[in-house]
Amino acid sequence: MRHITVFLTCLIILFQDASASPVDFENQTITVAIEQEPPQLNSAKATDQVSGMVLGHLMEGLVRYDRRGRVVPGVATRWEMTDDKATFYLRKDARWSDGKPVTAHDFVFAWRTALKPITASEYAFIFFPIKNAQAINKGEMPADQLGAIALDDYTVEVSLERPTAYFIKLTAFVTFSPIREDFFNAKGDEYAANADDMLYNGAFIMPEWTHSASLKMVKNQNYWNKDNITLNAINVDYITADTRARLNLYTDGKIAFTRLDGETYKDALSQRFRIRRFTTGSVFFIEYNHRPERVTSNINLRKAIQHVFDPDEMVNRVLAVPGNLRGESIFPVWLNGVEDKFRREYPAPTARYSVATAKQYLERAREQLGGEIPPLVLLVGDSPTATKQGEYMQGLLLNKLGLEVKIDVQTFKQRLAKMTSGDFDMVGAGWGPDFDDIMTFGDLFASWNLNNRGRYKNPAYDRLVRIAMNSTDPKTRMDAMGEGQQILFDDAALLPQYEQGIIYLLHPKVKGVVRRVVGADPDYTHAKVIP
Amino acid sequence: MSLFQPETSMFEPLETQDGAEVITRPSLSYWQDAWVRLKKNTRAIISLNIIILLAIFTLLGPFFWDVDPALQDLNQVSQPPSMPKTALVVGSYQSWDGVTIENYEPPEDYADSVPAPTNFRTEGKPTTQVVRLVWDPVPEADGYNVYRNVREPQGFADLGLPLGATYGDELSYEDRLSLESRDYYYSVVPTDGIDEYEIFARLVITPQLAITQEDALERGLINRIDDVAIGELVEIEFHPLGTDYLGRDMLARLMEGARVSLFIGIVAPLLYVIVGIIYGGFAGYIGGRFDVVLMRFADFVVALPFLLFMILFKIAFGIGPGESGIMPMLIALVLLMWPATARLVRGQVLQIREEGYIEAARLLGGKNHYLIMRHIIPNTMGVILVTLTFAVPAAIFTEAFLSFIGMGVAPPTPSWGSMCNEGVKTMLSHPHELFFPALLISITVLAFNLLGDGLTEALDSKMRSRD
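From first to last, the protein sequence lines are chains A and B.
Under my numbering, think of the first position of the first sequence as 1, with each following residue one higher.
Under my numbering, think of the first position of the second sequence as 1001, with each following residue one higher.
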């Protein structure tokens, strides 16, 4: 018995020791959890959100976004923009974490590296407005032919392939971050594989990175704007995708921030935590397979589904988490139009819910497809919300239209592979914005876009995307995309479901955390701990 | 010393009695005797009755409770068990422009503090279809956040769920987020466009359960659109055991799920016990080198991993995604689970074939098949029955486990295991979704186990002498 008591006491001491507060006012330190190990911290190759969040704290591009989403100076202090040229003037006090200055060459090198076919960066396309970028990426030209050059150590001049209205905003994206040539070449394949194999120019550096367990970000003493950074350290002590585990960590005072889902928020409510809401800016939709051998290539079938799907029901009764908005268009409500929001200027056309109309479309589809429609394969992710949505769609189509649906649950990678090979009829897909312009959604259904995995192809839509891409006149661009929105609706090219909203908990003593639609999210750069 | 010498005259013949050799107690066959002893075992009899009830529930239940287990009732999502309810019939949803200020000018300077919004009220009758909130403007605010709580908020940090935000010119909010007929505490907080002022107005509302006219027609609650006028009450679908996360009837799903669970639970053991009997019987009866080879092969089969085979069969049979994995599960169970029975039967046969009565029967000219059919198999029946009753719960568990990890049934077909899998996600908020399928699995497994226990005792002839 005594042994047990001793053992219990030890346990209690251990637990007490571990249950320090997740925020420390004295040292200006916060502890958080991330959903997964950052898969890729090489800024030229990073694609996912977690890597983007970490890199957003460690690296700084030419420009950055402020808390209201406006473009503000980063490494560049000012810039000039014409139809065929953009010139950036860099600050002289920007330093790498080893003390050497950040120069124009570091940017040019990083962009060339990302474009080289051997790098195989999935985000290479983001450079394509730059002259020769596409040809370099295809391997048709050497990388030094890129239309971006360092005029001197502190001036970057970019020649554009075509007028690109949003080019300045693009340079805030993570793939545009600088990489220093001598360091990169010295590390070779090891670059960004470990904490020692990286060089930082952002507000924070990463002295510790224990793979799959934890990482630590510490204020960068060489950062040009370090006087305006209050936080001394961001400890990422936990890496788990389990929302319930993270809520428990939050409840136990181990982490200062966690996202909630449809179930965990009820526990958070009963514990009287202050819940916050944020609309991520991502659009979720059902993407159809338009390949001719698939039944979903039939427009009448897609129209039938369009007329029985009620996004209100999806958002309010199925997802049932606040913050989600009804999906009406591939273009989310926050996108800017000519003067106001795009969706206020060009309201999205919506189909009126009507089972009778849907059945007429279905009848036509049956005639064209020659008889009965085989079971449709609906590809969904393996998260509880994704499978729930899948089952909802399955029930909806069966009960209202008598269409049979088979649900194919797959992990993210596997789902992407099946989407690429076209092994589906419908897929639950989502798209998050990369930069603050309508084109981040606009070219998604262009026939040449590799992310258009349903192979939707409409020459009229392609033409409109080209107009919007090549023009700098806001009115011309928005008119084109407004018309494009109508085409996507008339073709029932996709079935918009919802614009994603999330709810989360943030420690009440942490202020200044910024949630962003584009860029690193959540952004702790200008956060501080209050007493 | 003289010895006692009996004489004939000292003895009298006993009178002949009728029925001295009549068997007074009823003659009982082995099975009758087992049944008598089983009947004395209360636990076993209760279990047997439960199993019969389960069979009735599964086979006859759908005739009495004729509800489509896949039909979604999104007016009643995750409802706990309840009595029949009536709902107000309302017109179809009409979008609402809300209340906005014309020619709104955002404040030029943001104040440090502002007063709380006044006249916080609802517009129209609050129902579970829609709650419309309206308030008067706060002069220096440039936006409002709307919160909803299910308990009375205790201070600013406890306003509850952040429903949404409005711009400065919007003075209304429409809430349609999974509304139930219960008390809601709404709060509206003025903001400067991003940050909140620490002040709020509150409103308590109890929305009335409502259903739209079209919905009532579509769901068959009324026959024609003019059967029930807007504003009248209509009885909505009754869910005695509540509904799941998509509003599907739990009772109907449990019945349908039982079919899958009990099918696997009874057919698989029956098949693999038969395989086991034949295999073990041969090995035991023939014996020798043949026995050694057969039993080593059985050992080899024991070592094969079940889950791996299950996946392999699924692929080998070309069972695509979204299709039921019940057949490969059945085949994998039959192919991999027989060795236990085979070993048991072989042991019994080895023992029995050396018994004296077998030798006697053989000497009297009994042929092999006669010996097997008449003597050996009946004597192993006890062991076999007991194995069978214990195999049933094991198979039900296997099915539940495989469906739990998503290898079993395909949605929307439920099984008890997959229902548990779905229910466990909402365990804390809607416990009934986990409780009922878990309870049924537990009861079934327990009943079969107790019946198995009872049978072990009843079929063991050594127990007979204790009576």
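It should be emphasised that the hints constitute simulated quantities derived from the structure, not laboratory data.
Just so we're clear, the structure is a prediction, and the values are computed from it rather than from any experiment.
Check before you lean on any hint, since a few could be wrong.
Listed next, the in silico EDC-like pairs over lysine to aspartate or glutamate satisfying Cα-Cα at most 20 Å (straight line) [to be verified]:
{"id": "1", "chain 1": "A", "residue 1": "Lys400", "chain 2": "B", "residue 2": "Glu1218"}
{"id": "2", "chain 1": "A", "residue 1": "Lys406", "chain 2": "B", "residue 2": "Glu1152"}
{"id": "3", "chain 1": "A", "residue 1": "Lys511", "chain 2": "B", "residue 2": "Glu1196"}
{"id": "4", "chain 1": "A", "residue 1": "Lys509", "chain 2": "B", "residue 2": "Asp1158"}
{"id": "5", "chain 1": "A", "residue 1": "Lys406", "chain 2": "B", "residue 2": "Glu1323"}
{"id": "6", "chain 1": "A", "residue 1": "Lys341", "chain 2": "B", "residue 2": "Glu1105"}
{"id": "7", "chain 1": "B", "residue 1": "Lys1425", "chain 2": "A", "residue 2": "Asp197"}
{"id": "8", "chain 1": "A", "residue 1": "Lys509", "chain 2": "B", "residue 2": "Asp1195"}
{"id": "9", "chain 1": "A", "residue 1": "Lys528", "chain 2": "B", "residue 2": "Asp1195"}
{"id": "10", "chain 1": "A", "residue 1": "Lys400", "chain 2": "B", "residue 2": "Asp1112"}
{"id": "11", "chain 1": "B", "residue 1": "Lys1425", "chain 2": "A", "residue 2": "Asp490"}
{"id": "12", "chain 1": "A", "residue 1": "Lys511", "chain 2": "B", "residue 2": "Glu1323"}
{"id": "13", "chain 1": "B", "residue 1": "Lys1425", "chain 2": "A", "residue 2": "Glu363"}
{"id": "14", "chain 1": "A", "residue 1": "Lys528", "chain 2": "B", "residue 2": "Asp1068"}
{"id": "15", "chain 1": "A", "residue 1": "Lys341", "chain 2": "B", "residue 2": "Asp1097"}
{"id": "16", "chain 1": "B", "residue 1": "Lys1425", "chain 2": "A", "residue 2": "Glu35"}
{"id": "17", "chain 1": "A", "residue 1": "Lys511", "chain 2": "B", "residue 2": "Glu1198"}
{"id": "18", "chain 1": "A", "residue 1": "Lys266", "chain 2": "B", "residue 2": "Asp1097"}
{"id": "19", "chain 1": "A", "residue 1": "Lys509", "chain 2": "B", "residue 2": "Glu1218"}
{"id": "20", "chain 1": "A", "residue 1": "Lys511", "chain 2": "B", "residue 2": "Glu1214"}
{"id": "21", "chain 1": "A", "residue 1": "Lys266", "chain 2": "B", "residue 2": "Asp1068"}
Hints, one by one, checked against the model:
1. Lys400/A to Glu1218/B: holds (9 Å)
2. Lys406/A to Glu1152/B: violated (44 Å)
3. Lys511/A to Glu1196/B: holds (13 Å)
4. Lys509/A to Asp1158/B: holds (16 Å)
5. Lys406/A to Glu1323/B: Holds. Lys406/A to Glu1323/B sits at ~7 Å (cutoff 20 Å).
6. Lys341/A to Glu1105/B: The hint holds at about 17 Å.
7. Lys1425/B to Asp197/A: violated (41 Å)
8. Lys509/A to Asp1195/B: holds (15 Å)
9. Lys528/A to Asp1195/B: Cα-Cα ~16 Å, so holds.
10. Lys400/A to Asp1112/B: Violated. Lys400/A to Asp1112/B sits at ~54 Å, over the 20 Å cutoff.
11. Lys1425/B to Asp490/A: violated (39 Å)
12. Lys511/A to Glu1323/B: violated (50 Å)
13. Lys1425/B to Glu363/A: violated (39 Å)
14. Lys528/A to Asp1068/B: violated (55 Å)
15. Lys341/A to Asp1097/B: Roughly 17 Å separates the two Cα atoms, so the pair holds.
16. Lys1425/B to Glu35/A: Status holds; Cα separation ~19 Å.
17. Lys511/A to Glu1198/B: holds (15 Å)
18. Lys266/A to Asp1097/B: violated (30 Å)
19. Lys509/A to Glu1218/B: violated (51 Å)
20. Lys511/A to Glu1214/B: Answer violated: Lys511/A to Glu1214/B is near 48 Å, above 20 Å.
21. Lys266/A to Asp1068/B: Violated, because 30 Å separates the two Cα atoms, which is more than 20 Å.
Consistency note: the structure conflicts with the earlier hints numbered 2, 7, 10, 11, 12, 13, 14, 18, 19, 20, 21.
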